[in-house]
Amino acid sequence: MPALLDSTIYVSALRSAEAAAALERLTTGTLLWLSAVVLEELYAGAREPQQEVIAQWEREFDEAGRILVPSLGDWTDAGKVLRRLAAKYGYEKIGRGRLTNDALIAMSAARANIRVITANEKDFRRLAEFRSFAWQLVAL
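Going by the working numbering, the first residue of the sequence shown is number 1, and it counts up by one from there.
No lab work stands behind these hints: they were computed from the structure.
Predicted model, so just to flag it, every value in this text is computed and none were measured.
Don't be surprised by glycine CBs; every beta carbon is placed ideally from N, CA and C.
There's no promise every hint is true.
[Unchecked claim] Between beta-carbon pairs, the in silico distance windows are: (1) L72 - P2: 38 to 44 Å; (2) A134 - T28: 28 to 34 Å; (3) L72 - E52: 28 to 34 Å; (4) R59 - T100: 34 to 40 Å; (5) A134 - R25: 19 to 25 Å.
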């Protein structure tokens with residue numbers, strides 16, 4: 001099954017050569033996709049030296065035709081899931097704004113039958129309660 005990495009995984013790889021090597025081992029032989037949402041998160045949070053690495057990832061995935069962009073249906077599904085999640089856990093407790101990006105990643109990955117690889121167990125586990133999608137927890 002193809003996979004995409006959540007920003008938590010990319011951030012670990014950017015910060016540590018050891019984590020980058022672990023990521024390489026983890027994804028060898030896996031057809032990787034890049035979520036446009038993850039790309040936005042990476043650009044928004046990256047320091048100047050990391051910008052070129054992120055730009056290189058963007059170019060490589062774009063040239064391969066493997067950037068996953070949320071569709072209108074993904075946006076509406078994300079809103080519906082967030083509404084149900086908030087009803088169960090409370091709006092203040094879930095941080096809907098923080099979860100919006102994760103919901104978009106999960107909904108678009110589910111649509112495309114792509115597994116999400118993340119270090120963010122709490123948010124993705126909660127999202128999976130309301131919309132089935134393949135995800136894998138890793139610690140780098």
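- Which of the stated hints cannot be reconciled with the structure, identified by number in ascending sequence? Those not satisfied are hints 1, 2 and 4.
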